[in-house]
Amino acid sequence: QKEVEQNSGPLSVPEGAIASLNCTYSDRGSQSFFWYRQYSGKSPELIMFIYSNGDKEDGRFTAQLNKASQYVSLLIRDSQPSDSATYLCAVKGGGGNKLTFGTGTQLKVEL
Amino acid sequence: GAVVSQHPSWVICKSGTSVKIECRSLDFQATTMFWYRQFPKQSLMLMATSNEGSKATYEQGVEKDKFLINHASLTLSTLTVTSAHPEDSSFYICSATLGVGYSNQPQHFGDGTRLSIL
Numbered sequence: 001q002k003e004v005e006q007n008s009g010p011l012s013v014p015e016g017a018i019a020s021l022n023c024t025y026s027d028r029g030s031q032s033f034f035w036y037r038q039y040s041g042k043s044p045e046l047i048m049f050i051y052s053n054g055d056k057e058d059g060r061f062t063a064q065l066n067k068a069s070q071y072v073s074l075l076i077r078d079s080q081p082s083d084s085a086t087y088l089c090a091v092k093g094g095g096g097n098k099l100t101f102g103t104g105t106q107l108k109v110e111l
Numbered sequence: 112g113a114v115v116s117q118h119p120s121w122v123i124c125k126s127g128t129s130v131k132i133e134c135r136s137l138d139f140q141a142t143t144m145f146w147y148r149q150f151p152k153q154s155l156m157l158m159a160t161s162n163e164g165s166k167a168t169y170e171q172g173v174e175k176d177k178f179l180i181n182h183a184s185l186t187l188s189t190l191t192v193t194s195a196h197p198e199d200s201s202f203y204i205c206s207a208t209l210g211v212g213y214s215n216q217p218q219h220f221g222d223g224t225r226l227s228i229l
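So the sequence lines, in the order shown, correspond to chains V and X. Numbering-wise (our numbering), the first sequence opens with residue 1 and increments by one. Numbering-wise (our numbering), the second sequence opens with residue 112 and increments by one.
These are computed hints drawn from the structure, not numbers from a lab. Heads up, a few of these hints could be off.
[To be verified] Taking beta-carbon pairs under 7 Å as the criterion, some of the chain X residues facing chain V (in silico):
1. E133
2. P217
3. Q218
4. G223
5. L226
6. S227
Quick caveat, the model's predicted, so the values are computed rather than measured. No residue lacks a Cβ here, since even glycine has one placed at the ideal position from N, Cα and C.
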């Protein structure tokens, strides 16, 4: 069974700090990796996606992918209270469009 | 770009009622749309994959006669919850993507429909 695992948290970081969110996946054939942010009561919002090993930066967000270790992470620099949400890691395998979601990590950015 | 509109955002109705939820891609043609259900404090559960012009593919354990999906055009998919009961109360979310051949494209989500069955 294809699995995506995340620590449920909550992960608490002070305002201005770097938040590090981690995700591991079991399917070695996975090709695309996505991070979504979900505020309470709202639908998921795409933050970043990454396909190749290494880092991908977009503003305060950096996605990191290590296919050998089957590990993907999201770094949020200069964390703000508005970043407080649940972050969902999603993985897409080869040959299809279905996403497998992790259970999400709750991030709390404290003043 | 990549805006997905979902309607209605909130439905409250009596047990036994059928409820239709619409999902539209506003600025792109969505070959594939997905329907998810999310219970409180749980992650998204894929219900079915909807391809334009063909029958939907349902995930294991999802009753296709209970959850009717129609994807009649490249910009519209509908989910009808037939004879809804209180246990069907949930947050239903659709997403859309360009489809097979664009396998690296992300899914873009609608705002969701909160369904409450009394």
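Here is how each hint holds up against the structure:
1. E133: Since chain V brings no Cβ nearer than about 15 Å to E133 of chain X, farther than 7 Å, the hint is violated.
2. P217: Given a least distance of 5 Å, the restraint on P217 of chain X holds.
3. Q218: Holds. Min distance 6 Å.
4. G223: 4 Å, holds
5. L226: Not OK, violated: L226 of chain X not within 7 Å of chain V, min 14 Å.
6. S227: Where the cut-off is 7 Å and the nearest Cβ of chain V is about 13 Å from S227 of chain X, the hint is violated.
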